[in-house]
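**Q** Quick mapping for you: the protein sequence lines, in order, are chains A and B. Residue numbering for the first sequence follows the working numbering, starting at 36 and increasing by one per position. Residue numbering for the second sequence follows the working numbering, starting at 8 and increasing by one per position.
A hint or two may mislead.
What the hints assert, rightly or not - Derived DSSO-like pairs (lysine-lysine); straight-line CA-CA distance at most 30 angstroms:
id : chain 1 : residue 1 : chain 2 : residue 2
1  : B       : K129      : B       : K153
2  : B       : K153      : B       : K121
3  : A       : K68       : B       : K153
4  : A       : K75       : B       : K153
Stated by the list, open to error - Chain B is faced by these chain A residues, among others (derived, beta-carbon under 8 angstroms):
id : residue
5  : A69
6  : V72
7  : R80
8  : F148
9  : F150
10 : V159
11 : R253
As the list claims (entries may be wrong) - With the C-beta cut set under 10 angstroms, the calculated list includes, among others, these residues of chain A facing chain B:
id : residue
12 : K71
13 : N84
14 : D145
15 : V156
16 : P158
17 : E201
Derived from the structure by calculation, the hints contain no laboratory data. Glycine included, C-beta positions come from ideal geometry on N, C-alpha and C.
Listed below, chain by chain, are the residues.
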Amino acid sequence: MSSATTTLTSGAVPDIAPVTEHPQGATWLDDLKAAKVVWKREILRFRRNRIRILTSLAQPILFLFVLGTGLGTVIHTPGNFQFTTFMFPGVIAMTILFTAIFSAVSIVWDREFGFLREMLVAPVRRGAIMIGKCAGGATVATMQGLIMLVLAPLVHVPYSFVLIVELVVLMVLTATMLTAFGLFLAARIQEIESFQVVMQLFVLPLFFLAGAVFPIYRLPTWLGTLTRFDPLAYAVDLMRRAVFQAVHAPPAVRAELSPGIHWGSWRLPAGFEVGIVVVVAAALLGGAIYQFTRPE
Amino acid sequence: MAVETDEATVDVENLQKSYGDLEAVRGVTFDVAPGETFGFLGPNGAGKSTTISMLCTLITPTGGRARVAGCDVATDPLGVRRRIGLVFQDPTLDEYLTAYENLRFHAELYRMPKERTPERVKTVIEMVGLWHRRDDLVRTFSGGMKRRLEIARGLLHSPRVLFLDEPTVGLDPQTRVNIWDYIQALRDREAITIFLTTHYMDEAEYCNRIAIIDNGEIVTMDTPNALKAAVGKDRISMRTDDDARATVELRERFELEASPTGEGLTFQVPGGEEFVPRLFAELDVPIQAVSIARPTLDDVFMNHTGRTIRDAESSTTERLATNPMVRARRGR
């Protein structure tokens, strides 16, 4: 049925044989490999951007040493416990929050500058691209969080093996949850301007309600209730528990500054809080993939 | 060497796409033979990019069917994607990676065999003359260099069909010629099927066959020469002492509609060489200069649509600009 009447004068046979054919459809292994390629690009871009690595530390340092020291002068802590020690896990969470959201925005930039298309037309499923983006953002945010650990001695937090392992695990979970959150919001955003609105609407409340810079134990009911809906609050609480364990904080200090999160009179066990973070992370990633893959 | 097999590389039947009430593509049917360079020529907004997007499985057709490299776009999109290369109108490079890194990313995403990747990357990057710039960040490249790199990337995984959506749009004339040299060289070298869209008439000349598309429909399809021959009229351009009077006289004595060109008049007439002596004899307005031109693709377009491609562009752009769906899609 070809209506072509053209005689083609193409020259030599191509010197390279066609790429090996892959089996029809895509398996989870294909998806995983595609996600790895996307992840690698995120890491490559992060490593290249040394200035970003350094400047993203400026904000947490400002919070910890300027705001933390300042607040410490007006906040009475039992036994003259350093307020900056209290803030340290909160500032780690803050670093992860802003890095993770920043990484997630990159999908909007990718869209704006066209590179997203290169990924969208590739023979890979969209979900795999999202998983790669999430893994990349989470890795970058975790690395930024790890850099914060160099400040630990300055706020009287000792380097102990247990603490570092605990914090790394918590950082990975927190970073995954927050990157997934950012991607969930960014998946369908077309313009970079819209994301700034999202930042104001979601990211700052997420940060303030998490108890990163002040204890959320004795808040008025309306505010206390709100904090229970902030998944980041559970991550911050877990990191704070780990830090207070490591500094051997006296019971009076713990009761005041790291009392845990209560639902009614029930104090949530650490394992339960980990569960919340994992479930929320999985739900947000699932939502992000759904947003990204459903036809427009 | 004639490339002829029974199966067309691109096989499209009554393909349609509508956005609400707007029919962007109203049922197009065509096929592209292996090794052929096939062009979609039409004004902006005629449905060229929409068609290409459907063939590349980026958007879902609302009717009809299409097979690309043996795979159905609706049922086996991944199969299609593995077998095609794409160069878009808008750049899709990561500007913060080097040229080499962009190509390596592509190779990995398309799962090219690792041991052959470096050699293949070198081949395509040399083909577009960018080997010496391979380790530079893409953001330092000029528009033409970026487009060349995209063409190299589109070829990297040895696709059966290369789709070029307005490959030279936004480039200066010299760079456009330059890009076409590269495209022709690669066509000879890789013996690849090329499907391209363009709204530049001169670029359509590079195709083995072209389809002229207007308002979402194919109005005619053939080789550029056959299309021009079918017009059957030559174009005469002339300058006179009084163009306005000449226009009136042409209409009254010869029943010809002339249109102003800025420095004179132009009109179409069969057998131009025989007509010119009559013109001198019978026209009362003194003639300063006359030229006869064989039909161009512009004339072909005009013949089939009653408009020049430039007029068509302004009206279709307005038509699309009022449709929010299309505006959103195009703005991406």
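**Q** State for each hint whether it applies.
**A** Cross-check of the supplied hints:
The suggested pairing of K129 of chain B with K153 of chain B holds, with an alpha-carbon distance near 16 angstroms, which does not exceed 30 angstroms. Straight-line distance between C-alpha atoms of K153 of chain B and K121 of chain B comes to about 25 angstroms, which keeps the hinted pair within the 30 angstroms bound. Proposed proximity of K68 of chain A and K153 of chain B is supported: the alpha carbons are some 27 angstroms apart, at most 30 angstroms. With a C-alpha separation of about 22 angstroms, the suggested pairing of K75 of chain A with K153 of chain B holds against the 30 angstroms cut-off.
Nearest Cβ of chain B to the Cβ of A69 of chain A: about 6 angstroms, under the 8 angstroms cut. The hint holds. Contact between V72 of chain A and chain B, as hinted, is supported at the beta carbon level, the nearest pair being about 4 angstroms apart and thus within 8 angstroms. Interface hint status for R80 of chain A: upheld, as the beta-carbon distance to the closest one in chain B is roughly 6 angstroms, under 8 angstroms. The beta carbon of F148 of chain A is positioned within 8 angstroms of a beta carbon in chain B (closest approach about 7 angstroms), and the interface hint is therefore held.
Among the interface hints, the one on F150 of chain A holds; its C-beta lies about 5 angstroms from the nearest C-beta in chain B, closer than the 8 angstroms criterion. The beta carbon of V159 of chain A comes within 6 angstroms of a beta carbon in chain B, closer than 8 angstroms, and the hint placing it at the interface holds. Residue-level restraint check for R253 of chain A is violated (minimum Cβ-Cβ distance to chain B is 47 angstroms; threshold 8 angstroms). Hint status for K71 of chain A relative to chain B: holds, with the closest Cβ pair at about 8 angstroms, below 10 angstroms.
Against a cut-off of 10 angstroms between C-beta atoms, the interface hint on N84 of chain A holds, since the closest Cβ of chain B lies about 8 angstroms away. For the restraint placing D145 of chain A at the interface with chain B, the shortest Cβ-Cβ distance is roughly 8 angstroms, inside the 10 angstroms limit, so the hint holds. Taken as an interface hint, V156 of chain A checks out: its beta carbon lies about 5 angstroms from the nearest beta carbon of chain B, inside 10 angstroms. This hint holds: P158 of chain A has a C-beta 4 angstroms from the nearest C-beta of chain B, less than the 10 angstroms allowed.
At a threshold of 10 angstroms, the smallest CB-CB gap from E201 of chain A to chain B is about 35 angstroms, leaving the interface hint violated.
Of the numbered hints listed earlier, those contradicted by the structure are 11 and 17.
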